[in-house]
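Make a model of the complete structure from these sequences and hints.
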Amino acid sequence: MNQAKAARDDSPMIEITGLNKWYGDFHVLRDIDLTVARGERIVICGPSGSGKSTLIRCINHLEEHQEGRIVVNGVPMTRDVKRIEQIRRNVGMVFQHFNLFPHLSVLENCCIAQTWVQKKPRAKAERTAREILERVQIADQAHKYPGQLSGGQQQRVAIARALCMQPEVMLFDEPTSALDPEMIKEVLDVMIELARDGMTMLCVTHEMGFAKTVADRVIFMDQGQIIEQAPPETFFNHPKSERTQLFLSQILGH
Amino acid sequence: MVDPKSVTEMVAQRRPPDLRRGALGWLHANLFNTPLNGAVTVVTVALLAVLLWPALQWAVLQADWVGDTRAACSGEGACWVFISARFESIVYGFYPETQRWRVNLVFVLLALLIAWLIMPRLPAKRWVGLFALVGFPVLAFFLLVGGSFGLEHVPTRRWGGVMLTLTIAVVGIVGSLPIGVVLALGRRSQMPLVRGFCVVFIEFWRGVPLITVLFMASVMLPLFVPTQVEFDKLLRALVGIMFFWSAYMAEVVRGGLQAIPSGQEEAAKAMGMGYWQRMGLIVLPQALKLVIPGIVNTFIALFKDTSLVLIIGLFDLLAIIRAGLTDSEWLGFATEGYVFAALVFWVFCFSMSRYSQHLERRLHTGHRH
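Which chain is which? The protein sequence lines are A and B, in order.
Reading the first sequence from the start, the letters are residues 13 to 266 in the working numbering.
Reading the second sequence from the start, the letters are residues -16 to 352 in the working numbering.
If you are wondering where the hints come from, they were derived from the structure by calculation, not from laboratory data.
No residue lacks a Cβ here, since even glycine has one placed at the ideal position from N, Cα and C.
Be aware that a few hints might be false.
Unchecked claim - Lysine-lysine pairs mimicking DSS-like chemistry, simulated, CA-CA at most 30 Å apart:
hint, chain 1, residue 1, chain 2, residue 2
1, A, LYS131, A, LYS156
2, B, LYS272, A, LYS156
3, B, LYS108, A, LYS136
4, A, LYS136, A, LYS156
5, B, LYS287, A, LYS132
6, B, LYS272, B, LYS287
7, B, LYS108, B, LYS216
8, B, LYS287, B, LYS216
9, A, LYS94, A, LYS136
10, B, LYS108, A, LYS156
11, A, LYS131, B, LYS108
12, B, LYS272, A, LYS131
13, B, LYS287, B, LYS108
14, A, LYS132, B, LYS272
15, A, LYS132, A, LYS94
16, A, LYS131, A, LYS94
17, A, LYS197, A, LYS156
To be verified - On the chain A side, residues computed to face chain B include the following (Cβ under 10 Å):
hint, residue
18, ARG69
19, LEU74
20, GLN78
21, ARG100
22, ASN102
23, VAL103
24, PHE107
25, PHE113
26, LEU116
27, SER117
28, TRP128
29, ARG173
Rendered as structure tokens:
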């Protein structure tokens, strides 16, 4: 039993090999190989249209890939709906535009998948939701509707909603890009906290400060390819490829 | 241009200035703010008085209210005795007099259920709603049709009046919404067969006039099915009306579905929700709320178009009043009859309209798509 568990813990969280994807004739992802270890924190950056969002959306099959193999937490991805839903239950996702359910209160947003997908009893789901809302410091807003909250608060609720499912890995798709500048920090603080707790994270973001603070590895993508990957130290101080250097000078230049 | 002096003290918070001005102020601001507007107001009021006063005199002041024969009609204003004398048949049609308590019971049950469902304070909405959709129709069917549980059988050709109008309207409303929702979902389906079927179904029923549907149901259908199989005429009309309006409903609902951003479904997918959970818990509640005006618009049109069943020989509210007009003892009361029918229809439709506005306000959660 223990041995089995240990073996499982050594296995990678996500394994992507030879991933290719096209939108019509447009080749968005080209020969992507990526292995994410358990507890690893990865920041993916790159110019817009480089395929970084598409890549993490393939991991929970919000986008369908045409070639290659994705294994999440030991479960290989197929087109089978049950299999996809099984993978999604282990993968939390936070979106650029929050995508909270506007017709449900904050608490309901956090409980709905617990009660319907995980079939938890209502009281237990609510307890989990309140604990996690406490963790993202928004418990006092539990009865409100998303439309009554600020952008930063909404994004923290969105993180809490994903965490309520007790995922093994969290995907962040530009979580701070739609926020007013003064709200970015409160969201990043929650994400840093989460990283410190040992959550496996894949984060598409341009917040380089965040990358430097928590990332184990920074991945740079351009034109659908992984151009460079390195620990933040090396990545920011000694970028190898020209394109990475150009990109970094553009976003850090001012 | 900006004064470089920095702000040293915060400006204290003040109450907003009071702009309310009372009734006279309102009149001045809205009706008499310019000489021209004042003149328009005076002319309009005068016109209204000229037009409405005779109507009021006819309908209320000079009308005859009491009595039960034609002799009670003075002929100066409306003679509502025509309505009160025929009231029983207007409500129950030709339903046997001794059995009318069954209709009353169904009316009372229906009113109670609706009241329970629209009052936010009352508990157990889910169970009452379930009973209203499943238990009540079965109960109402056995009560109204009879023929079992010791109840005398009352064939549907003896139904009529308000009772028949409400039967058609309620069955139409309760049937067309869920069928419409399913059709709308089907039309957006990824499966070509499902989508194709829904498109054909919707376009067929939407492209045919309701009168044609009713005629086909009552005249042509019996020609095609073997004579041993006999469907009730009312049942055939009900099915036709339900399909006809569900096609309209489907397009209204589809409009709502298309207005919900794709991020909503993605968020639900990302948490592992299946198709029916995503639709039932996330997308449909938002989409239906968004198209409440369109749904109620369809309900109102449906309610008024129930009067078309008179062309296939069913005596709904309007038909039974028209039948009364030909009664040799009561010739010449067409105006009273039609005005009363219009009033009854208007009361039902206006109630639906008001309730839908209330519902929209209540379901608003401070979010706009």
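Against the structure, the hints come out as follows:
Proposed proximity of A/LYS131 and A/LYS156 is supported: the alpha carbons are some 24 Å apart, at most 30 Å. Distance check on the hinted pair: B/LYS272 and A/LYS156 sit about 19 Å apart at the alpha-carbon level, within 30 Å; holds. For the hint linking B/LYS108 to A/LYS136, the alpha-carbon distance of about 23 Å falls within 30 Å, and the restraint holds. Restraint check for A/LYS136 and A/LYS156: the C-alpha separation of about 20 Å stays at or below 30 Å, so the hint holds.
For a cut-off of 30 Å, the pair hint linking B/LYS287 to A/LYS132 is broken: about 47 Å separates their Cα positions. Restraint check for B/LYS272 and B/LYS287: the C-alpha separation of about 23 Å stays at or below 30 Å, so the hint holds. Simply put, B/LYS108 and B/LYS216 have alpha-carbon atoms about 35 Å apart, too far for the 30 Å limit, and the pair is violated. This hinted pair checks out: B/LYS287 and B/LYS216 have alpha carbons roughly 20 Å apart, not beyond 30 Å.
Pair hint A/LYS94 plus A/LYS136 holds up; C-alpha atoms about 25 Å apart against a cutoff of 30 Å. Under the criterion of a C-alpha separation no larger than 30 Å, the hint pairing B/LYS108 with A/LYS156 is consistent with the structure, at around 22 Å. Taking the CA atoms of A/LYS131 and B/LYS108, the gap is near 22 Å; set against the 30 Å cutoff, the hint holds. As the CA atoms of B/LYS272 and A/LYS131 are separated by approximately 27 Å, the hinted pair is consistent with the 30 Å bound.
For the hint linking B/LYS287 to B/LYS108, the alpha-carbon distance of about 29 Å falls within 30 Å, and the restraint holds. With a C-alpha separation of about 28 Å, the suggested pair A/LYS132 and B/LYS272 falls inside the 30 Å cut-off, and the hint holds. Between the alpha carbons of A/LYS132 and A/LYS94 the distance comes to roughly 19 Å, so the proposed pair stays at or under 30 Å and holds. A threshold of 30 Å between alpha carbons decides the hint, and for A/LYS131 with A/LYS94 the separation of about 16 Å falls inside it, so the pair holds.
For the hint linking A/LYS197 to A/LYS156, the alpha-carbon distance of about 22 Å falls within 30 Å, and the restraint holds. Hint on A/ARG69 holds. Least Cβ distance to chain B is approximately 8 Å, under the 10 Å limit. Satisfaction of the interface hint for A/LEU74 is found here, the shortest Cβ-Cβ separation to chain B being roughly 5 Å, below the 10 Å cut-off. Because the smallest distance between the Cβ of A/GLN78 and any Cβ of chain B comes to about 17 Å, over 10 Å, the interface hint for this residue is violated.
Satisfaction of the interface hint for A/ARG100 is found here, the shortest Cβ-Cβ separation to chain B being roughly 4 Å, below the 10 Å cut-off. Because the closest C-beta pair between A/ASN102 and chain B is about 9 Å apart, less than 10 Å, the hint holds. Because the beta carbon of A/VAL103 sits about 7 Å from the nearest beta carbon in chain B, less than 10 Å, this interface hint is met. Given the 10 Å rule on beta carbons, the hint for A/PHE107 holds: about 6 Å separates it from the nearest Cβ of chain B.
For A/PHE113, the suggested interface contact is upheld, since its CB lies about 6 Å from the closest CB of chain B, less than 10 Å. With its C-beta approaching chain B no nearer than about 8 Å, A/LEU116 sits inside the 10 Å limit, and its interface hint holds. About 8 Å separates the beta-carbon of A/SER117 from the nearest beta-carbon of chain B, less than 10 Å, and the hint is met. A hinted interface residue such as A/TRP128 counts as satisfied when its beta carbon comes closer than 10 Å to some beta carbon of chain B; here the least separation is about 5 Å, so the hint holds.
A hinted interface residue such as A/ARG173 counts as satisfied when its beta carbon comes closer than 10 Å to some beta carbon of chain B; here the least separation is about 8 Å, so the hint holds.
The earlier numbered hints that this structure contradicts are 5, 7 and 20.
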